[in-house]
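Q: Protein sequences, first through last, are from chains R and H. According to full-length UniProt numbering, the first sequence holds residues 1 to 252 in order. According to full-length UniProt numbering, the second sequence holds residues 1 to 57 in order.
Be careful, since some hints might not be right.
What the hints assert, rightly or not - Stretch-level coverage of chain R by chain H, calculated; a stretch enters the list once three of its residues show a Cβ under 8 Å from a Cβ in chain H:
#1 36–48
#2 62–73
#3 125–136
#4 142–151
#5 162–174
#6 222–228
Hints were generated in silico from the structure; no laboratory data involved. Where a beta carbon is used, it is the ideal one built from N, C-alpha and C, also for glycine.
What follows is each chain in one-letter form.
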Amino acid sequence: MALNWFKFASPASFYPIAGRLIPAFWIITLVLLGLGLYWGFFETADRLGGSNAQKEYYRIIFIHVPAAWMSMWLYVVMVGWAAIGLVFNTRLSFMMANAVAPTGAIFTFLALWTGAFWGRPSWGTYWDWDPRLTSELVLFFLYIGYIALHSAIDDVRRADRAAALLAIVGLIMVPVIFWSINCPDPNQCAALHQRSDLTQIDGNILFAMLAMTFGFWTYSFATSFMRLRGIILQRESESVWVRDLLDTGDKA
Amino acid sequence: MSDFFAQGGYAFFVWGAYGMTALLLVIEVLQLRARQRTIRARLGRLMRIRDAGANDQ
């Protein structure tokens, strides 16, 4: 392989790369979220018919589902970086895992919050100990636990390893959330979340949902890289390149 | 226009969900920008203190 990936794996070389990528991710994020919101509010029906009619509040779907997807996906990303850090002992991987965690926690909270605001008009309650709601709440506590454990250990390398192990054990929650449907057949029982089939969704609704999902994804890239640059500066503050950077001023 | 904001009588739920999302995402970005400035200012100050100490000797 001609490209040497380990060259980018050093914090010193990734710091400026992240700085140049952040504005690009912000532009894509604004375009995607603008498109998704416009499509979701103006190119879709006000009400959904069918046996289980949904009124205007179904528009919460355009943030609820993308936030829930991102909450699970960012956890997988965080565990991936934590595992790479444990196996290869690369500093940047642990920093990546640290940088993703708060954004993942925010999307998990938003999935729960928007779900509550959808649940109240549709099910008559903000909260229920439904399998999917409960397992998503556990995922939120796992993010909080990862952040809290990391900040509770003074030695940053030990903190990295301990928090990485917690994150890896917690990965079990992602498939649990995915399959947490207590009622596979809606004709048999009333379930809060039913098995979903993306091919059954109206094209305009699916398009808005996907635009918002990719918008949240690029948003996560932008905020994670911003946080990563702060973490790199703090951890590498004794190194020569950070001193040079502070001397000359940082363009990116 | 007011129809749009009313959301068929579900304004509280629709805007409650979207409002919290917008609020948290904006706060996260502002907090990250402030954090980066604080870190750079602190490191710069530490460096100047160290340089001044080296010159005194």
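Q: If a hint holds in the structure, say so; if it does not, say that too.
A: The hints, checked one at a time:
1. Only when three residues or more bring their CB closer than 8 Å to a CB of chain H does the claim for the stretch 36–48 of chain R stand; here the count is 3, and the claim holds.
2. Chain H is given as covering the stretch 62–73 of chain R, and this holds because 3 residues of the stretch bring a CB closer than 8 Å to a CB of that chain, at least three being needed.
3. Check result for the stretch 125–136 of chain R against chain H: violated, 0 residues qualifying (beta carbon to beta carbon below 8 Å, three or more required).
4. Closer than 8 Å: that is the beta-carbon criterion, and the stretch 142–151 of chain R has 0 residues meeting it against chain H, so the requirement of 3 is violated.
5. By the rule of at least three residues with a Cβ nearer than 8 Å to a Cβ of chain H, the coverage given for the stretch 162–174 of chain R is violated, with 0 such residues.
6. Coverage of the stretch 222–228 of chain R by chain H holds. Counting CB-CB distances below 8 Å, 3 residues qualify, and the rule asks for three or more.
In summary, the structure is inconsistent with hints 3, 4, 5 from the numbered list given earlier, while agreeing with the others.
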